[in-house]
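**Student:** For the record, the sequence lines run as chains A and B. Sequential numbering from 1 applies to the first sequence in my numbering. Sequential numbering from 1 applies to the second sequence in my numbering.
Hints are computed from structural coordinates only; laboratory data are not their basis. Just to be clear, a hint being listed does not mean it is correct.
[Claimed, not checked] Label-pair distances were calculated between CB atoms; the ranges are:
1. B:Asn164 - A:Leu27: 36 to 42 Å
2. B:Asn164 - A:Val152: 25 to 31 Å
3. B:Gly108 - A:Met32: 21 to 27 Å
4. B:Asn169 - A:Arg149: 28 to 34 Å
Just so you know, these numbers come straight off a predicted model, no measurement behind them. By construction, the Cβ of each residue, glycine as well, lies at the ideal position given by its N, Cα and C atoms.
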Amino acid sequence: MSRFRKKGSKTLTAISTASLPDVIFMLLFFFMVTTVMRETTLIVKVKVPDATEVQKIERKSLVSYIYIGTPLRSQIYGTESRIQLNDRFATISDIQNFIIAEREARDEADRGFLTTSLKVDEQVRMGVVTDVKQELRQIGAFRINYSARKRVEQ
Amino acid sequence: MARPVNEINAGSMADIAFLLLIFFLVTTTMDVDSGIVRRLPPPPDPTVKPADIKERNVMNVLVSSRDALMVNRVPSDISTLRRTVKEFIQNRGNRSDWPEQRIEEIEGLGNVPVSRGIVSLKNDRGTSYNMYIQVQNELAAAFAEMRNELSMEKFGIRYNQLTNNDWINAINKAIPVAISEAEPEDVGGK
């Protein structure tokens, strides 16, 4: 009996924290993997204007995005403002079908809350934006959001 | 007999990993999506005659293809737009060419004047999107400021800090956001 006690009391070591880094690394990898940077790759240049009266979009799953800007590879696609839906260029006539497809992808109960976020480059002329808005009105997608960055007022 | 070899102290490894973790937590922007929320009007019905709106109630804001601003046919500047809109909608001096006020009883506020004024925004096809958003922003800011002022006066807190839904609805009723976008017209081409 006394033999055991002696042995224990002689080498009292601290709890090994060697596995703690592994735990933290696992957390780190979890965050690195789960943070989605961007869902669609942009093929048009979009630098949204800034505004002071912006509101955050609450339910991001109910938002469909329309990108408008000049093509990034302008030597191939020219410098005229183009519309991007999902991952490809689109024309005005594709908007209605796009909205229908977006509606089909949602639950029936949520369809009325579908918001269209217009991510438009600040240098785009309003003509194409007006055309898009007219198409959205025709198809009944009335809730829109002009995407803008928050500007802090002096 | 082998002596117990001292382990390399791995305690600081956790700190390094923590630093990395915090770095990633801070730098990964979740792509916060924000913007100016608007509701488009339904498409015009040719069988229904548009509602008659008195001319004094409408403030015409026109943004030209050169990004110049016209308010009621007078050249104007974006820096004064917010104040102009507020003065027009509130019509403190009861001017006859500015909108009518109707005293309405609103629950939680009592009798308050509700302006019949509407801001009609019209843009050209050649207007730059940035200018359009800046104008939209100033219009939204004008209404937000009026709501804030009323909220401060009646409840003592800013409108965007109100949590009571009844109060929010009361303010919304007293100051409706009356921004209408005119039917687009082709004027200046692309």
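**Student:** Does each hint fit the structure? Answer for all of them.
**Tutor:** For each hint, the structure was consulted:
no.	hint	result
1	B:Asn164 - A:Leu27: 36 to 42 Å	holds (40 Å)
2	B:Asn164 - A:Val152: 25 to 31 Å	holds (28 Å)
3	B:Gly108 - A:Met32: 21 to 27 Å	violated (50 Å)
4	B:Asn169 - A:Arg149: 28 to 34 Å	holds (30 Å)
In summary, the structure is inconsistent with hint 3 from the numbered list given earlier, while agreeing with all the others.
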